[in-house]
Amino acid sequence: EAQVTQNPRYLITVTGKKLTVTCSQNMNHEYMSWYRQDPGLGLRQIYYSMNVEVTDKGDVPEGYKVSRKEKRNFPLILESPSPNQTSLYFCASSSKAEIINNEQFFGPGTRLTVL
Amino acid sequence: SQKIEQNSEALNIQEGKTATLTCNYTNYSPAYLQWYRQDPGRGPVFLLLIRENEKEKRKERLKVTFDTTLKQSLFHITASQPADSATYLCALDGDTGFQKLVFGTGTRLLVSP
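Listed in order, the protein sequences are those of chains S and G. Under my numbering, the first residue of the first sequence is numbered -10, with each subsequent residue one higher. Under my numbering, the first residue of the second sequence is numbered 4, with each subsequent residue one higher.
Okay, chain S solo, but in the shape it has when bound:
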């Protein structure tokens, strides 16, 4: 089944404790993105990647890091989480071959709470 998976789905942590949210897709997509979704603000792009070893900042990159060492994986790293990073996070992928449509395939989401 074609899908984007994220782990963990739920995470409660404390300020300053480094964490990683994993994202993996099995569709051989070139493009991957991370979004956060907050009430009243909609989905906002954090980082995106055009291919292996190619990443760039989105609209709200502060406090986050990403890496793309393999085509299928795109982990999101919070080196020192703060309470304002409490949010619902989505990983998404899309195909270069379908760039004209830019259809995003989203993962199930990770609900992060930083105390």
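These are calculated hints, taken from the structure and not from any lab test. No residue lacks a Cβ here, since even glycine has one placed at the ideal position from N, Cα and C. Do not rely on the hints blindly, as some may be mistaken.
[What the hints assert, rightly or not] Under the rule of at most 25 Å between Cα atoms (straight-line distance), these lysine to aspartate or glutamate pairs were calculated in the DMTMM-like manner:
| hint | chain 1 | residue 1 | chain 2 | residue 2 |
| --- | --- | --- | --- | --- |
| 1 | G | Lys6 | S | Glu68 |
| 2 | S | Lys46 | G | Glu8 |
| 3 | S | Lys85 | G | Glu8 |
[Claimed, not checked] Computed list of chain S residues with no C-beta within reach of chain G, every gap over 12 Å:
| hint | residue |
| --- | --- |
| 4 | Gln(-5) |
| 5 | Thr11 |
| 6 | Lys60 |
| 7 | Phe95 |
For chain S, the structure is supplied; the task is to place chain G on it using the hints.
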């Protein structure tokens, strides 16, 4: 400033009626606009894309219109069913950035039997 707006109030309709959701934008010149469905606790799912040179696009019970003069897209679900209850997001291509999508905050649709 640039904005993309969807009605934040939930839309309640009865089964069998047509639901119409609105997406308005300001200070964007999108080449296309997308609609996604999002169920509670799940990621958005792509439904339809309409390009700037298309007035209308249909897919089964869904119809989307795109008026670049009014800077508005309308999303219609005909013969609505309780299973159509969800939040619907619109997204358009932002002016800057690779594959830059800008999302609205979504409108929740509730279809009662």
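Okay, the hints, checked on the actual structure:
Restraint check for Lys6/G and Glu68/S: the C-alpha separation of about 31 Å exceeds 25 Å, so the hint is violated. Restraint check: the Cα-Cα separation between Lys46/S and Glu8/G comes to about 24 Å, which is no more than 25 Å; the hinted pair holds. Using a Cα cut-off of 25 Å, the hinted pair Lys85/S and Glu8/G is violated, with the two alpha carbons roughly 29 Å apart. Remark: the non-interface label on Gln(-5)/S conflicts with the geometry, its nearest Cβ contact in chain G lying 9 Å away (cut-off 12 Å).
At roughly 15 Å from the closest C-beta of chain G, the C-beta of Thr11/S stays outside 12 Å, upholding its exclusion from the interface. In this structure Lys60/S is separated from chain G by more than 12 Å, as the shortest Cβ-Cβ distance comes to about 16 Å. Distance check on Phe95/S: its Cβ comes as close as 3 Å (rounded) to a Cβ of chain G, failing to clear the 12 Å threshold; non-interface status is violated.
Hints 1, 3, 4 and 7 from the list above are not met by this structure, while the remaining hints are.
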